[in-house]
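K.L.:
So the protein lines, in turn, are chains C and L.
Under this note's numbering, the first residue of the first sequence is numbered 1, with each subsequent residue one higher.
Under this note's numbering, the first residue of the second sequence is numbered 1, with each subsequent residue one higher.
Don't take each hint at face value.
[To be verified] Over 10 Å on every C-beta distance to chain C, these chain L residues come out as not near it, computed from the model: (1) Thr4; (2) Lys32; (3) Val71; (4) Pro218; (5) Ala234; (6) Val270; (7) Asn271.
[Unchecked claim] In silico DSS-like cross-links for lysine-lysine, where the CA-CA straight-line distance does not exceed 30 Å: (8) C:Lys235 x L:Lys32; (9) L:Lys53 x C:Lys61; (10) L:Lys53 x C:Lys237.
[To be verified] To spell it out: a stretch of chain C is covered by chain L in this simulated footprint if at least three of its residues, at any positions, have a beta carbon under 8 Å from a beta carbon of chain L; those stretches are: (11) 100-110; (12) 224-238.
For the record, the hints were derived by calculation from the structure and aren't laboratory data.
Built from N, CA and C at the ideal position, the CB exists for glycine as well.
Spelled out from the first residue to the last, the chains are:
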Amino acid sequence: MSFIVDAEITHNRKVAEGCYNLTFRAPEITGSAQPGQFVHLRCGPTLDPLLRRPLGIQGVKREQELVQVLYQIVGKGTRLLTAFEPGGRVNVLGPLGRGFTLPAGARRAALIAGGLGIAPLCFLYEELAEQGIAVEVFHGVRSAGQVSAHDLIPDGRVLMASDDGSLGYHGSVVKMFEDHIGLETFDFFFATGPSPMLRALGKLAEQHNLPGQVSLEERMGCGIGACLCCNCRTKDKDEDGWRYSRVCADGPVFPVEEVVWP
Amino acid sequence: MINTAVELAGIKLKNPVLTASGTFGYGHEYAKYFDLSRLGALVVKTLTLEPRKGNPPPRIAETPCGMLNAVGLENPGAAYFVREILPDLKQYPVPLIVSIAGCSVDEYATMARLMTAAGSIDALEVNISCPNVKAGGIAFGTVPEMAAEVIRAVRLNTDLPVIAKLTPNVTDIAGIAVVVVEAGADAVSLINTVTGMVIDIERRRPVLANQVGGLSGPAVRPIAVRAVWQVYRAVKVPIIGMGGIMEGRDALEFMLAGAQAVAVGTANLVNPTAADDVVRGIEEYLESHGISDVNELVGAAHGKGE
């Protein structure tokens, strides 16, 4: 069940260069939101930009009925979001999509994120910790100074990687994770981030026979599965061996073995 | 008591607000957000004889006050629709209009036959204008003789009302309207999307995988209102007007230009309750302006005796 809410904004703070944390009150959403689901935000009453912006849920505070998201300024829409002030309202549709599901019997999980993909994994981290599952977080950023899992998950076991070597491991988060597969055993992984990163991770997971779930990104329209604009290839029994699934409604989280990488 | 009911090619609608094909799926996604019986009629996503996978991603690109799409008529095919989706659609007490398309005149004829035989469908909308599919819709809707041939074939294969959906990507939309009405269309709907393109200046490539797409949203509204105005003067059949309707006042522009009914499209992607909001907006306008019957507004912008 999802809702359309004119939610009261409680925070809209800059947390790193070009990156903001938006928090709003929406009991309808905190009541049922699952890690991996997203909310679809209007950038204001304006018709330009016209479409909503999908943002993964970073966390919910159920007692205070608060929903938290992270966003980066990438264009006109996200720039408009920065003007939202506490006490104002944001029009939210959500929670939407299928989130992460916990496989039975998993005891050690790896959370692997690229960039702002860390946001939905923060929500997942809390759920896994509550269930007593051992979690290691692998987070890749471009360089130091960006939002990092170190700050967002202060009590977690976190390993950072950066493209320029200014923070932690010098190189891609997937390469860093690969080095660790030999050292530690994981039953399962959960990953979010840009498509090339997830594709590389998908190949690695296949080599090591490691089950996992990935949260895909695609340009989105309605967010509720009607317009068929955010498609991705998933395995199917037909003669081509694949079909199009809807990222917004069949995903955004898919079992890694079901994804047919571009 | 205010009357919002209109009649469209023999179908009685409780109000003039429809959904635009392709923006409302097969209805059930939206039934979670409002009571679909609030609609004048439900127009579902275009169906073809065989299932179609559609275009690769990206299929959507945002533009100022609008968007481009190139979905490529993804749909599960006629047989699946009749078997799996139509039984569910029957539960909604609202007239059902099914949009059909084909790659050949024969396919249109077959689709008309199959959908008529399926029962519980109130009208067929013939998509002769979808600009996304290579060798598909575009050719039929832009050439008067071919548009007429498709409508004639559908007319011969159904006793349901036939609505021809017209493309704006022509020099003379009123001329196309005239020939499809002569070929047997009971109503016309317009406009389909306007062909367009967006280029990513960093990648130096088109944003859409299909390169070109169909522009919709408020950006196209003045084009659509003008098209309805011209077609109203050229044909006698009812017009369904659409193109960037976001709220009641936008719908009223179309009705004043000559539309008997309107369809809400892109707005459904922005706000799942948009169609219901348009119904309410029209009702409020009628009340606040002391108009007892919505039909009084149809074509009223043309004035008397012109």
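K.L.:
Would you mind marking each hint as holding or not holding in the structure?
P.N.:
Hints versus structure:
1. Thr4: 24 Å, holds
2. Lys32: 7 Å, violated
3. Val71: About 5 Å separates valine 71 (chain L) from the closest Cβ of chain C, which leaves it inside 10 Å; violated.
4. Pro218: 5 Å, violated
5. Ala234: 31 Å, holds
6. Val270: Violated, because the least Cβ-Cβ distance between valine 270 (chain L) and chain C comes to about 6 Å, which does not exceed 10 Å.
7. Asn271: 7 Å, violated
8. C:Lys235 x L:Lys32: Given pair lysine 235 (chain C), lysine 32 (chain L) holds - Cα atoms ~29 Å apart, limit 30 Å.
9. L:Lys53 x C:Lys61: 41 Å, violated
10. L:Lys53 x C:Lys237: Since the Cα atoms of lysine 53 (chain L) and lysine 237 (chain C) sit roughly 14 Å apart, the hinted pair holds (cutoff 30 Å).
11. 100-110: Violated: only 0 residues of the segment 100-110 of chain C have a Cβ under 8 Å from chain L.
12. 224-238: holds (count 9)
Consistency note: the structure conflicts with the earlier hints numbered 2, 3, 4, 6, 7, 9, 11.
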